[in-house]
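Residue numbers (the numbering used here), protein chains in the order written: chain A, 614 to 875; chain B, -15 to 348; chain C, 287 to 723.
Where hints are given, some of them may not hold.
Within a straight-line C-alpha distance of at most 27 Å, the following computed DSS-like cross-link-like pairs (lysine-lysine) qualify [what the hints assert, rightly or not]:
id	chain 1	residue 1	chain 2	residue 2
1	A	844	C	388
2	A	730	B	290
3	B	290	A	690
4	A	770	A	690
5	C	429	C	524
6	B	92	A	730
7	A	730	B	139
8	A	844	C	299
9	B	144	B	-1
10	A	770	C	299
11	C	681	B	92
12	C	455	B	104
13	C	681	B	298
14	C	455	B	95
15	B	104	C	429
16	B	64	C	455
17	B	316	A	730
18	B	316	C	299
19	B	139	A	844
20	B	104	B	-6
21	A	847	B	144
22	A	847	C	421
23	C	299	C	421
24	C	455	B	315
25	B	316	C	455
26	A	844	B	315
27	B	104	C	632
28	B	139	B	-1
Okay, the calculated beta carbon distance ranges per label pair [to be verified]:
id	chain 1	residue 1	chain 2	residue 2	range
29	B	316	C	289	34 to 40 Å
30	B	150	C	291	42 to 48 Å
31	A	648	C	690	50 to 56 Å
32	C	347	B	157	27 to 33 Å
33	B	249	C	290	22 to 28 Å
34	A	768	B	312	41 to 47 Å
35	B	333	A	796	37 to 43 Å
It should be emphasised that the hints constitute simulated quantities derived from the structure, not laboratory data.
Note that the Cβ used here is the ideal one computed from N, Cα and C, for glycine as well.
Next come the chains, spelled out residue by residue.
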Amino acid sequence: MNYFSGIDVGAISTEAVIIDTGGEISGYSIVETGANSTEAADEAFDKALLAAGIRREAVEGIAATGYGRISVPLASKTVTEISCHALGAQYLFPDTGTVIDIGGQDSKVIRIGDSGKVLDFTMNDKCAAGTGRFLEVMASKLRVSLEEMGGLSLHAKAEVPISSVCTVFAESEVVSLVAKNHPREEIIKGLHRAITNRVWSMVNAIGVYGEVTMSGGVAKNRGVVTLMEEKLGKPIRVYVEPQIVGALGAALFARRQSRAVT
Amino acid sequence: MTGFHSPSHKEYLLKQREVYGRHIFGVFPAQYPRELLWAMNILPVEIWDPPLDTSHASAHLQSYICSIVRFGLEFIVQGKGDILDGFLFPHTCDSIQNLSSIVNDYLKPGKPCYFFYHPKCPYRESSHRFYIDQLRDLAAQLGDQVGELDYNQFKQCIEKGEKVASLMRELYSLRASGGLSASNVEFYRTIRQGEFLHPDDLIPRLEKFLENSRGSQASETSVIMSGVLPNPPEILALLDELKIRVGDDDLLACGRRYLVPPSQAKDPFEALAERYFHMPPCTTRNSPIRGRLEDLINKVEGSNAKGVIFWIVKFCEPELFDMPHLIEGLKKRGLPTLVIDVEPNQELTGQLTTRIEAFGEMIR
Amino acid sequence: MWLSKKIRYHFMKDLGVPGIMRFSRTGKKRRPRKKSTSLGPPLVCNSRLRELMATHYLLSRYAQGAIPVAWVTSGAPVEILRPFDFYTFYPENHGALCGAQKLGPELCAEAEVHGYHQDLCSYARIDLGHYFSGKTPVGRLPKPDLLFASNNICQTVVYWYKALAEYWKIPLILFDTPYNFGEISEVDISYMVRQLEEMIPVLEQISKRRFRYRRFQEIVGIAKEASLTWGEVLSTMKARPSPMTIFDAFNHLAPIVSLRGLPAALEHYRALLAELEERVAHGVGAVKDERWRLMWDNIAIWYKMRDFSNLFAGRGMNFVTATYTNAWSETIGYLDEAKPFESMAKAYSLVILNNNLNHRLQLMERLIQEFQVDGLVIHSARSCKPYSVGQYDLKRLVTERMEIPTVVIEADITDSRAYSEEQAMVRLEAFFEVLEG
């Protein structure tokens, strides 16, 4: 049995996914990228092998994606994360027409067609607002962990609107809201609203087609996902581990390339 | 391919002055009557993107002003224009308009500063008359500094301008049909020499380039570029690497100014006016959006392009106002578009490279 | 169909709207505003202004389909439209209104979602936002039959109106005013006069009315008179204490901008002038304890008008002059009913934003002297490049030459997302220290 692997080297985290020839996920891993992309890719790959219970030699083809994709000598092919998220999301949820990926450093909205082909995309990669970084900064100001934010916001009875679009301005706004004794959950819900609105304008620019899938670390935040569902007026699919969608897509590209050759 | 800061360019300009007695004028973007300046023994040197760190300009300009204006101001404040005999500011947009006044009224660079207002669309009979009057007025003003305009010289320069335009049209046409083997980088490096070379030097250069570059182009995928100027050139290099050919362009510094149809008028003033009013559609002349969309679509069809890349300079209002209409119009025809806004003279970020690569993956 | 709309419009104009206004005057209980301890009594003409503009907006709903409707830029030579009885609507005025009601971000976002970049002028984004969403605080805006623009104030209005022309598929007339890099020339004036002449057949065709030269001359006369009266209104602020704040003046700008050439504007300023002269005669100041007199540069920060009014008044500071309010009285002296085309070309070309920065510096110096100004606040408005580009040098030169403290506040006219209260206050506080110290 042959296997294929995809490695997604992001600025903050690196994911590796191993699939079999049928496309089933045999194992995956998530590690911190740190300062060295090549080492992070190696580490993630080895951990994924361990999780899959196979040896390196069993892997027939490896594709790399993400910010550090050119630093993965292991890989025989590189593909952008846009194409990988598209293919990955469509594989997991075949009726996906729109992918919303909110990562640590950037966010993107991708319209996909048959077989996960990218038809249109837009990215926000210049500004922290609208990315996981925004929530990270605010979590620290509110003294909560990122993981807690989703749950907390779902308990909020009301919502404190955040007027700033800029992360730096929003930070000082949050500080003054805390000083005015607004309940934390309500501020968090307001922050979730801010990030949702930011991403929503990208969604609107692309248009909503078919079903919507969210990927990336922020998709783990039920608060944000819920608000986005409200905006869309339809449920959003989120894989149990949304952070590996890009790496999965890369693995599928590796499998595709191998098939094309044979 | 950027300004004339580099030694080879400076040498060229000094030689122009020493050997031919030409006056060297710094000209800001974008539309101005080149042939008139040539006829008055002035060599225009365009100031688009000198590679300068704009820390001085920031003392004069807010953060929301575009890089081209910042570079231009920096150029003057740093005294890089010391070898020049004068400056010309065309009325391109609000920022260049006020830049001209900051320079002329506040900074006072110690060189004559001239201003050229060109009429904006919708054109009427009065626009034509005004343009001719403006040409005569500019000639009179320049005449005080460099000597009166010689009518015969003017006619000759109109012909030279026509020769340059005809070579440009041929280059563009060959490229669109896939018959030009030059890379994207080589193409733009060559035609951008039109920003400072005298036609006597530009014409043979273009002719040679044309001759050497005939041949079929390896890439199968082509795109149209729309925007202001092809900087940073690393984007062109990336497209070359991805085997994507720029099939045609709607760039202010290039296609919009160079692809002028031949003029019929005998009188040189009338000939220049004819050229001006028949230039390709452009936001700096307020051309109607419908015309711009049609022009883009013609370019797409003429070069078999698979998509359009909008290459925007940040804060460029004229371009940004037209874009939504253009993108929508192209989308309706099933054409994918990519918008990249990038600071000229800056290295490509990983994010930008990814976007362009992803677009390439999308259109193949 | 059209006839019934026309009848309805005239009914509303003559009876309906005035009736509604009367009714609302009697019935309305204005929410009692907290009385400011530092501001003087509010102007009686403030409520007159509200009614005047409310009438204008209310009536505009009935204009569509009844009489020809034109959307006009603030600097356009509207006098040439008036003989054709166009109902004129000013998107910039609507934008200011939206800004004041803090609707800027919401409407701008509607435009941004449709691809209009956040860096574009916020008046334009609000207007385009309205186009896409239909949202407006004034009920309903009349769809135009014509777009009428002049680029004397900026090129942006033309890019904006060009986009609107494409969305609505209606004609756009541009009054192209060459920039006065040096002095205005005969060539420029001829160009502009010819443009005005060329417009007439087009306007006749759109409005289905004939151009009446005598009527046009009358209108020029009324516009001139209203602008001169506005100028006198502004001059009353030379008094110590000044009878009005610049924030009130910004509001009272609306008639001269959007009702210029109509008798209503002239009547309003006559009433306002009378009230102000009365105040001056009795030494009634807009700010109770006027200790410092300031000048404002650039358009207002519409969503901070009340806050700033209280902030400055609380420190005994009043803005007694502004380049923005002055703009609608500065060049009106050129208007001449006997030579309407030529005089209009001059009056519209020589507005502050169409002149070089040297002219602006001299103007500001003159205002500082005439109004006895102690300090200058410069609003660096993200949306407004012709106003904002050059301000840093202007600040430096005014501070040097007039020896008064100056401060720059980075903000925007209507998009409050570009404004940081914390940053602005830090700068203002430093300015206050210098001024008071």
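Index of numbered hints that the structure contradicts, given in increasing order = 4, 5, 6, 7, 8, 10, 14, 16, 18, 19, 20, 21, 30, 32 and 33
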